[in-house]
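**Q** The lines below spell out each chain.
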Amino acid sequence: MTRIIKKVSLKTGLPPGSLVHIGEETAKKTTISIIDYNQESFTETPDATVADCRSCMKTDTVTWVNVSGIHEVPILEEIGAAFDLHPLVMEDIMNTTQRPKMEAYERYIYIVMKMVYEDEKADEIIEEQISIILGDSYVISFQENGKDVFDKIRQRIKKAGGLIRKSGADFLAYALIDAVVDGYFNIVERFEEMIEFLEDRIITDPSRENLSVIHDTKIETIMLRKSISPLREMIGFLERGESPLIKRDTVIYLRDVYDHTIRLIETVETIRDMLSGMLDIYLTNVSNRMNEIMKVLTIITTIFIPLSFITGVYGMNFRDMPGLANPMGFWATIGLMVVIVMFMLLFFRRKRWM
Amino acid sequence: MTRIIKKVSLKTGLPPGSLVHIGEETAKKTTISIIDYNQESFTETPDATVADCRSCMKTDTVTWVNVSGIHEVPILEEIGAAFDLHPLVMEDIMNTTQRPKMEAYERYIYIVMKMVYEDEKADEIIEEQISIILGDSYVISFQENGKDVFDKIRQRIKKAGGLIRKSGADFLAYALIDAVVDGYFNIVERFEEMIEFLEDRIITDPSRENLSVIHDTKIETIMLRKSISPLREMIGFLERGESPLIKRDTVIYLRDVYDHTIRLIETVETIRDMLSGMLDIYLTNVSNRMNEIMKVLTIITTIFIPLSFITGVYGMNFRDMPGLANPMGFWATIGLMVVIVMFMLLFFRRKRWM
Amino acid sequence: MTRIIKKVSLKTGLPPGSLVHIGEETAKKTTISIIDYNQESFTETPDATVADCRSCMKTDTVTWVNVSGIHEVPILEEIGAAFDLHPLVMEDIMNTTQRPKMEAYERYIYIVMKMVYEDEKADEIIEEQISIILGDSYVISFQENGKDVFDKIRQRIKKAGGLIRKSGADFLAYALIDAVVDGYFNIVERFEEMIEFLEDRIITDPSRENLSVIHDTKIETIMLRKSISPLREMIGFLERGESPLIKRDTVIYLRDVYDHTIRLIETVETIRDMLSGMLDIYLTNVSNRMNEIMKVLTIITTIFIPLSFITGVYGMNFRDMPGLANPMGFWATIGLMVVIVMFMLLFFRRKRWM
Amino acid sequence: MTRIIKKVSLKTGLPPGSLVHIGEETAKKTTISIIDYNQESFTETPDATVADCRSCMKTDTVTWVNVSGIHEVPILEEIGAAFDLHPLVMEDIMNTTQRPKMEAYERYIYIVMKMVYEDEKADEIIEEQISIILGDSYVISFQENGKDVFDKIRQRIKKAGGLIRKSGADFLAYALIDAVVDGYFNIVERFEEMIEFLEDRIITDPSRENLSVIHDTKIETIMLRKSISPLREMIGFLERGESPLIKRDTVIYLRDVYDHTIRLIETVETIRDMLSGMLDIYLTNVSNRMNEIMKVLTIITTIFIPLSFITGVYGMNFRDMPGLANPMGFWATIGLMVVIVMFMLLFFRRKRWM
Amino acid sequence: MTRIIKKVSLKTGLPPGSLVHIGEETAKKTTISIIDYNQESFTETPDATVADCRSCMKTDTVTWVNVSGIHEVPILEEIGAAFDLHPLVMEDIMNTTQRPKMEAYERYIYIVMKMVYEDEKADEIIEEQISIILGDSYVISFQENGKDVFDKIRQRIKKAGGLIRKSGADFLAYALIDAVVDGYFNIVERFEEMIEFLEDRIITDPSRENLSVIHDTKIETIMLRKSISPLREMIGFLERGESPLIKRDTVIYLRDVYDHTIRLIETVETIRDMLSGMLDIYLTNVSNRMNEIMKVLTIITTIFIPLSFITGVYGMNFRDMPGLANPMGFWATIGLMVVIVMFMLLFFRRKRWM
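Protein chains in written order, with the numbering used here: chain A, 1 to 354; chain B, 1 to 354; chain C, 1 to 354; chain D, 1 to 354; chain E, 1 to 354.
Bear in mind the hints are in silico, worked out from the structure with no lab data behind them. Hints are all accurate, no fakes.
Repeated chains share a single entry, so a pair holds when one copy, or any two copies, can fit it.
Computed cross-link-like contacts, BS3-like style, restricted to lysine-lysine with a CA-CA straight-line distance of at most 27 Å:
id, residue 1, residue 2
1, K158, K147
2, K101, K247
3, K147, K121
4, K158, K58
Please model the complete structure; the sequences and the hints are all you need to start from.
**A** Structure representation (structure tokens):
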């Protein structure tokens with residue numbers, strides 16, 4: 001699992017509303033796709049122009065404009081002009097270091113979120129910024145790169161008769177938010193598996209690699225929480241139905257996503273608590289091993305040092321030493337040693353070291 | 001005691017309101033039982049059909065529909081249709097990874113809780129999701145499997161003249177909530193006994209098994225808190241009497257359950273504090289044992305190393321060494337050793353190591 | 001000092017309002033005493049019956065009914081009926097595991113608190129549940145056992161002309177609450193003395209007994225806080241004068257008790273902080289002692305091991321070894337050893353180990 | 001620096017409003033001084049009587065009554081009567097264990113604060129309780145002992161034309177509060193110097209004395225915070241101008257003190273954080289020293305033990321041992337030892353222990 | 001990186017509103033520069049007098065007065081008089097130990113912030129106090145020293161046609177606040193780099209220098225947070241548009257800065273969490289190294305001590321010892337030793353120490 005740390009960085013010293021792309025530049029060029037639908041009709045324009053957007057907006061169908069790639073400043077400027085977006089909104093869309101937030105403007109709501117998903121090839125977690133503009137009859141979504149994360153929603157729209165076809169632009173925005181929140185569940189589940197795996201390992205093998213895995217997972221949890229926790233307030237606002245752009249029927253669905261968000265936050269908190277607990281276990285295991293090592297050292301040393309002393313005494317070269325000439329001297333000494341060892345073993349037993 | 005961890009998991013990518021059972025599938029098939037009562041009459045239909053539900057609803061008696069087993073999608077769909085429940089509610093009922101919550105809809109309140117009880121055979125704590133729908137004259141309860149946890153309430157209803165027979169559907173819902181909260185008290189009491197048992201053990205025997213018991217209990221406490229703490233807000237809402245479905249007389253009873261919930265939360269907090277304290281004691285005991293081991297090692301080593309050195313000196317093979325030929329040489333050396341030992345013992349006494 | 005832990009325990013599975021005594025059964029039988037007074041008159045009935053209560057209530061004097069012993073269900077049921085108390089209130093009065101709380105009913109306020117006092121004979125802290133019912137012209141107090149904790153208040157009522165004689169039932173309730181809060185001050189003061197005593201001991205003697213005293217005091221602090229902290233909210237509610245049963249003049253006095261409660265909570269918090277600090281000191285002292293032990297071991301070992309090696313070399317039995325035959329060989333070797341010792345001592349000095 | 005701990009203590013069992021002095025009794029007798037001023041006139045009565053107070057009150061000038069010494073009950077009772085103060089206020093004034101607070105009565109505001117200042121002779125921090133009564137045209141201040149802490153304010157009043165002379169009693173009260181808050185800044189600055197001094201010391205010398213200084217400073221910080229933090233709420237209330245006794249012009253000045261209070265609280269928090277950090281550093285240094293000691297022990301032991309073994313082998317008295325008779329045997333053995341030492345040194349180098 | 005700690009210090013004992021400069025006195029004299037502009041015109045007066053200020057104020061253009069150097073009391077008094085500023089505001093402007101805050105007066109808003117920037121020459125972080133007065137058509141900014149931190153804003157004003165030229169004084173104030181907040185981003189980014197650098201180092205090399213870098217960075221983070229966190233409340237107030245001096249169009253821009261502030265606070269929190277995590281890693285690494293050292297010591301000692309004992313036995317000088325005369329005695333002994341070593345190695349392997 002790779003880090004999901006993104007550096008805070010902000011163009012400084014420029015006037016507000018200056019459009020500059022901040023973030024890693026992905027190679028792909030910016031593409032626009034438009035889906036235009038109502039209960040009866042469905043039109044898809046995969047490679048649309050800004051002019052197409054303008055014409056679609058005039059119809060009374062729901063229009064979903066999806067923009068992949070946000071580094072081409074002129075095209076984004078054009079889109080901003082077409083939909084009459086505030087320069088600060090355009091600036092935020094292009095700056096991929098945003099914190100998830102929601103801003104209500106007069107004629108539209110601006111939502112920015114972090115989508116996470118696994119790149120199975122690279123075994124990486126990828127974090128991508130998703131900006132959503134919700135107007136009265138249109139939704140514009142901006143993705144950093146063109147990975148088709150919203151494909152399932154597109155399929156649901158295509159199928160005639162679905163709930164999404166009967167509902168307005170606010171329901172489409174809900175569906176997009178729901179897809180982003182679902183993405184977190186997949187990642188959090190992976191974290192839970194990691195924890196379970198670690199729990200078993202940490203007891204049998206308190207090695208240094210496990211420590212570093214715990215540490216990395218902890219930092220990733222911090223990062224994940226940073227992305228998830230603003231969602232609570234954000235979706236909470238939408239769910240309270242304070243904006244006229246959100247219809248009453250959609251509020252129930254938003255309440256459902258809100259609920260999921262709270263569950264996510266609680267799960268992340270639980271993961272953090274468990275990681276802390278594991279670190280405690282790790283440290284205690286290290287201490288326990290130390291104790292065990294010290295016990296062995298002490299037992300061996302304490303048994304043999306007095307014995308060695310006795311051999312040392314009879315190894316001295318004094319001419320007159322009692323017992324040296326006695327044929328039983330050696331065996332008496334050995335006997336004394338056996339008594340000392342027995343006494344020591346008894347002592348360790350009483351101390352419960354053996 | 002077994003873990004009560006349940007993994008977060010959510011079907012992702014499906015349209016909202018899609019009915020899919022999430023959770024372990026219990027073998028039993030879905031069964032419906034209906035109890036229909038008012039102050040005068042009492043009817044019980046143990047093996048009812050959805051059609052029976054429909055007919056009961058039309059009477060002005062209180063109807064309690066209990067559904068055991070939530071994995072058979074068609075039956076649950078039928079029930080949802082019979083009582084006109086929102087697709088999202090049906091989806092939540094079938095997904096057993098819900099967080100306890102309460103949602104007020106126009107004509108009913110949807111309550112979801114986690115019931116815990118001990119399976120005495122398996123020495124396990126079992127967590128089961130209970131969903132309750134409270135309408136104006138009916139209550140529907142959904143259990144994961146058919147263990148008869150609500151049997152005592154059924155007995156109370158059977159007995160004519162009880163408070164429950166005189167009251168409406170809201171009082172029945174209260175009785176069910178109360179039964180769930182009572183279940184937590186049993187488990188929390190077991191935790192308290194465990195703590196008391198651990199407290200005695202931890203001081204006499206800081207073994208590794210005790211550490212792992214502390215750790216496991218800590219994680220179970222985290223899980224328990226996760227199930228209990230949302231109850232506060234949930235019952236608090238009901239108790240404030242903001243819903244027209246809750247009558248004024250019932251509010252006093254809900255206040256009582258609310259009170260129990262707060263007591264539960266505080267007790268769980270206390271258990272956590274005590275477990276942390278125990279971990280501190282454990283760690284300090286480990287340190288103290290280490291100190292004791294080191295003391296023994298140091299005393300033995302420090303006494304014998306100088307003595308061994310002296311024997312080493314007189315064990316050297318130099319031709320000319322003072323005292324070797326002296327008949328008292330050996331005894332003088334032994335005397336020197338005794339003096340050294342006495343001095344060392346004095347030193348250790350002054351350091352308070354002995 | 002003894003533990004003040006009480007187990008959470010709740011009769012489960014019974015219908016609400018079932019009167020069952022929960023708690024240790026004290027041998028004494030339930031006794032009722034009535035004090036009836038206004039500015040002019042004073043009547044005391046030490047061994048009253050429930051019928052006496054009924055008759056007293058009808059007069060327009062202030063009536064104080066004190067019930068000692070709460071385990072005799074029939075008598076308590078009779079009292080409940082006489083004063084028309086809600087079954088849930090009666091249930092709570094008899095269950096001694098209540099959390100301090102206040103409940104406003106239509107015609108009375110129900111207050112439950114934990115009173116603590118020292119049993120000097122047994123050197124124990126005793127926790128007793130006090131329930132107070134405040135009506136418009138009467139106060140009923142329920143004690144677990146008959147220890148005369150309210151005797152001072154009784155004396156004050158007896159004396160004609162006191163403030164309490166001029167005031168109503170609400171002032172009497174205030175006086176009872178004040179007496180309970182005063183009880184905590186006595187206990188908290190004992191804790192502060194304990195802390196002061198520990199602080200001196202912990203520096204001179206980091207023994208295991210002190211650790212266990214710190215741990216026990218910490219747990220008792222947790223228990224004490226659990227009893228005290230709900231008082232804040234409870235007295236705060238009374239003090240805000242939201243109940244018509246509390247007169248404006250009494251509010252100033254309740255504000256005084258409220259203030260005392262906050263002071264108590266803050267002092268308990270300070271005690272906790274100081275205990276944590278002491279635990280840190282204890283642990284650091286243990287580490288420091290370890291360091292000192294290790295230093296002695298290392299100095300002794302490091303000095304003698306090279307010396308022993310030298311004696312070992314000259315203890316080998318090779319026929320041809322330089323210096324053995326030299327008459328100064330022995331002294332040269334001893335000289336070498338002295339040089340090594342001096343060098344070692346210098347090294348330890350530079351490392352600041354000596 | 002000395003402890004500023006004061007024990008909680010409360011007369012218990014007395015009726016409310018009983019005047020009893022609680023605190024250390026200072027030898028000095030109670031003295032009253034009166035300053036009476038308006039924009040034009042200024043009168044000072046250094047040794048006034050309660051009768052003087054009564055006469056001053058009738059004039060429409062601002063009257064400042066300063067009472068030094070609060071242990072003479074009769075005089076304080078007289079003052080209480082003269083200004084018609086509530087018995088509970090008089091009780092609180094005489095009890096020096098108050099927590100800083102503010103209480104609004106009908107015709108006056110009662111303020112109690114803790115003033116701290118250094119007694120330079122004794123190198124002590126002294127904490128003294130200051131009570132202030134603010135009426136419509138008078139201020140009464142009560143000090144524990146007569147140290148002239150308000151002398152600078154007295155000087156400012158004496159000078160004609162100052163802001164204080166033009167303002168009312170509320171501005172005088174502000175000036176007194178400001179003086180008390182200023183006192184804290186002096187003490188906090190001393191703490192900051194202590195911290196800076198400790199930071200340098202702790203790295204060069206992790207001795208046990210420094211540990212105990214850290215611990216003591218930590219406890220003093222806890223005590224200081226306990227005195228300062230209630231000021232926030234208290235001054236905040238005054239500053240919001242909710243009392244008619246506070247004029248609009250004074251509110252701006254109170255906002256200034258409020259601001260200072262917040263700065264004080266934040267600084268004390270920072271000091272706490274830094275002390276915790278220092279404790280961590282201390283502990284880590286202790287661990288590091290231990291590691292260093294162990295390294296030396298291990299290196300010496302590990303090098304010499306195998307060498308000693310070899311000498312032991314050739315010290316055995318077997319008749320037939322290879323090499324004993326060989327003239328190069330001794331040198332071959334020495335050579336083997338040199339090889340072992342070199343190998344060991346290489347090993348330690350690779351482990352980065354040397 | 002240098003410390004950014006500033007001591008709390010307050011002139012004490014002076015009447016409120018006394019102008020005294022508190023802070024390091026920078027050598028430069030106080031200079032005033034005026035920029036006067038509206039959509040059409042632009043005038044810059046680099047070395048202006050207070051009289052120039054007065055005349056500019058009368059025009060209906062936006063006037064920006066920038067004052068560099070705040071230690072010359074007479075000039076600042078003059079400016080205060082010219083713009084009719086409250087004495088307390090003037091006092092706060094000259095006291096550089098302010099906490100960031102905002103105060104709304106009747107005709108102007110007073111804002112005080114801490115600007116941070118790197119002095120690349122000295123490799124220092126410099127903290128400077130910026131005071132801003134926002135009136136209806138003027139902005140006055142006070143800097144501690146003359147470093148041209150607002151130069152980019154000056155350039156933007158010079159260019160005709162920019163947004164800033166079309167907007168009022170409130171937009172200019174926003175631009176200044178934005179510049180200050182941008183400054184924090186640069187510093188926080190440096191901290192993030194430091195963290196990344198430390199993370200790599202701490203695992204490969206747990207030296208004492210790294211510990212002290214972690215500690216220093218932690219303290220700097222505390223200081224930084226102290227400067228940043230009050231900005232949240234402050235800008236939040238402006239953004240809510242509660243002051244008539246802030247126009248509706250500017251509110252959107254203030255919301256943008258508010259958002260940046262929250263992002264800053266969260267990043268600083270994350271840095272703190274990561275530093276704590278690093279300290280844990282450091283400590284665990286120290287423990288692990290200790291364990292490793294102990295293992296080596298124990299293995300060596302435990303293997304050689306029994307062997308040395310055996311050599312000692314056969315080194316004794318008893319006349320009658322079995323095997324001494326046996327030609328295979330030596331080899332049998334060596335064989336026994338090999339067996340012991342093998343047994344020991346097996347034992348260590350099973351304990352997983354090797």
